[in-house]
Amino acid sequence: MSSYTRMGELEIEKHTQFIMSVEKKKDFDSMVMEHLRMSGAYWGLTTLDLMGKLDAVNREEVVSWVLQCQHDCGGFSGNVGHDPHILYTLSAIQILALLDKLDTIDADKISAYIVGLQQEDGSFAGDEWGEIDTRFSYCAVCCLSILHRLDKIDVGKAISYVASCKNFDGGFGCTPGGESHAGQIFCCVSAFAISGALTHVDRDLLGWWLCERQVKSGGLNGRPEKLADVCYSWWVLSSLTIIERVHWIDKEKLKTFILDCQDKEHGGISDRPDDAVDVFHTFFGIAGLSLLEYPGLKPIDPAYALPVHVVDRLFFGQPH
Amino acid sequence: MHGRPRKSSSDGGSQEKDMAKAAGLQSLQTQFFKNHHEKIYTKEALQLNAKLLEINPDIYTAWNYRKLAIKQLLESESESASIKQSLDEELRVERALKRNLTSYGAWHHRKWVINMGYSSLDHEFQLLDQLLKADSRNFNAWNYRRFVADMKKSRDEDELKFTTKKINENFSNYSAWHNRSAILSHMLKNKYGGISAKEQEMTEEYELVRQALFTDTEDQSGWFYHLWLLGQKIAPIGPKLEMSWPCNGSQLVIDFNEQSHAYVSDFDTPFGTDHCMFSEGIPLVLHFSEPVKGVNASTVSVNSLLLQSESLVWRPISPHGLQAKTWVTLLKLPSTNFRAGETYTVQIRVADTLGIILLNGYNFACPTALNFSLDIHTMTIRSTGGNFETVPLAWEGENFSPLAIDENKFPIELHLGNLSIDGSENQENTRWQQETLDREIKVCRELLEIEMDSKWAKLTLARLLIGQDMLSDGSILRSKRKHTDEVLQLFNDLIEIDPSHAEYYKDQFSLILLDKVSSGKQNLQEYFWDSKGTGSLSNGERNKWLRLHGLSLSRLGCLDQLLWVQRLDISHNRLRSIDGLEALQLLGCLNLSHNLLANFTALGPLRQIKTLRALNIADNKIGAHTVNSTRFSFPSALNNSSISNADTTRDADEEILEISWEITIAFKGLHLRQLDIAGNPANDEKCRRLLMKTLPSLKWLDGTSVN
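Sequences listed follow chains A and B, in order.
Reminder that position 132 of the first sequence reads as 132 in the numbering used here, one-by-one numbering, no gaps.
Reminder that position 605 of the second sequence reads as 1605 in the numbering used here, one-by-one numbering, no gaps.
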């Protein structure tokens, strides 16, 4: 089947129904995702807001569940009863920012948790068990910035560490010497963006590598010689947007690829056409379409990964 | 979920099976969490945990639990043999869980155990050999290999050999090429044996990558590596001072009016006698090839009888403060100490002492000397210049005509002399680079004979030819570009062959075109215009313009050649960004109309040009897009910039207006007298009100007088 016969509109109503149904599901795939329910909630809620459908959600219920996931140390876990981790702490803060409920938490306590995860070399551990990854540097910087407490960590050291993960192709990896990967590049470029340190990025070199992620189908892959996947619509596009090189890819072809990955019957978006859908790819597909200025979607901020109106309210709203 | 086919919901049988599986997982999970919360670490509890992880290795809390169990166990063990036994058992359990290859939690768990220092690292290497055989692109496994190699203190040479093996198995193993680049960088940095050993090393690298390129001309892996390899030697020898204003050896004429304002005429720039009024002092501009910090009175010495004793304050021309390519200071001329009719020389020595620092933390190591002279006249002022008091400046029309240049007065070349590039090693280096370039150009041409439309071969050939041009002229004199036309043709071909990346190639085309245009008087002369003063100058004096309009430029470059420009017209192009324009520190009038600028934030560089008085941004796309790609490019509250948080946070009483912070980023602190903004979607009543508030000096807005 050729792509143009399949391409259609974005099925906003169907996707809304799909997202609303996800949390009630008790099948095996949903069970496997239980440990990251906090991120699942962030993906789902942000997608709903981008589509203008956030009113379908009971905000009070969400907030009370999020707060149940907070631990004495200040960090949040992926679900009730699981251990705290910086990944889910960021998701929790993003959800509360999205719902304009940051006043329900003790920002100083959360900041103290994050500050405690910074290492001597500037890097961040994900939790008390010491895994180091530039993903966690992004989580720390993004979280603290949303809480207006970036000055609590050594930003200079945090940035030098991320810069030390730069590779021969202009991209970035998990740790120094780690291979470039589009997801990791998003984390590093966004950490620079949020801390005003984009001078560390070689925009032309990285931009060329990123735009070479586009394959014949129009979709984007995350590393050379790999398959296209809808999630890279976000990781690659957001990075290209931040470094002002997004015009180097063929946007129309990418739009078609994302729309082709919709389950037009039951809603949701998958990694590739005709694969099983999930809320993760639904978010990344729609966030990607938002960066491609798809009509009817609200714009998303490429670094904070929240709707622009939320980020603008945080930083240019009432004096804090 | 990756790579799993979409299921039809009508398949009742499999649905039942699925629910049973889910219930099984649920029950395991419930029992596990009970054990975790009650801190039960019995053998049975650990077995249950392993079963859970076998089904779902991403459940991070279950890995944490295993670490807690080990910690408890170790507390009761004191003999190292039995500790080792327990840890080896733990490693066996982890490896038995087959799904772990892509689970971050599993890999970290293994590292955590190994880090205790009891386990055999050779065994880990053997395991990695197997794993990387099964999945040669697994980046977790490669990361783990680097971790173990580090612990083992493996020699770089051995790790390099391992990548050679993987590459020879499969030339498109990007992970192996990547690892190779990291090891090789490390080796080159710590190289013993000097330059010839390095050269040999590099020559072998080129041979290896050539095999890959000839095996599959469209495989990205080899080409990305090739590009990196070229960068290791092609780059001109270290960062340097590229240009200054006034330029080296030039002679300025200074006039003073009644208010002791200096008028400078620079006969050594193409516009010769143009008067430029500087009320606060004469700017001195240094332009480096890379951003630097630490330019100050101790790293740059300025000597002249004219100067007052206080030390000069250098200002970085960059939105981000400390680091900048362009630095400016003001030479304040005392109105008493000098004599009319005298000539005073100004000598500048840059980086005689250490202290100018590059982005990578290294010292700027290219000391440079330059000098110029000032001829002092007094009270010979003919115009009051550029106040726009009566009529707004006209941007185009019949007032403009091509400018005839006085050949005799035009400078021979705009360049810095006295560049001290040190010694014979560099000459040797240059010879080697030249040979490498010649050889690689030949390789690309051969590849193109086999495969005429190879995009990678064409692109690389274009990059090589640019490199060769830069090398042969030492990147100081720009008039010897031999390959410009061929390079432009290659980019035109690429636009045809690879239309998905057309905009990338157009940007490169644009840079090469600007390089061509600015490379010497013959080329630049075509773009000189002058306009009869229409009110902007009271006595009808002619204004000289550099007009690079209608050239399809999408990207700015080579601005270091244009530091002297005061009136620039780059309208009717395809510019999305004006990055780098801040280098033009004498700019007074700028026409940017009819481009693709999409946001006020895209105008961020203008805020650094304090001399700017008239700006035309009419007929752009400001406000036409929902996505703003320059959102993070300049300091604001969004990127926690302490220098301008106060500026960009909305006043409490200010009405909500999305673009207010964007306007601030572009214009706050500028003294614009004239702004033309018509033909942009953002240009509504509120926007105009805000512009007038941000620019209190504004006299003309879209040709209408502002009160």
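Fair warning: there could be bad hints in the mix.
[Claimed, not checked] Computed list of lysine-lysine pairs in DSS-like fashion (alpha-carbon distance at most 27 Å, straight line): (1) B:K1039 <-> A:K109; (2) A:K166 <-> B:K1161; (3) A:K166 <-> B:K1442; (4) B:K1442 <-> B:K1455.
Worth flagging that the hints you see were computed from the coordinates, not collected in a lab.
Quick caveat, the model's predicted, so the values are computed rather than measured.
Status of the hints after comparison with the structure:
1. B:K1039 <-> A:K109: 26 Å, holds
2. A:K166 <-> B:K1161: 23 Å, holds
3. A:K166 <-> B:K1442: 31 Å, violated
4. B:K1442 <-> B:K1455: Distance of about 16 Å is within 27 Å: holds.
Consistency with the previously given hints fails for number 3 only.
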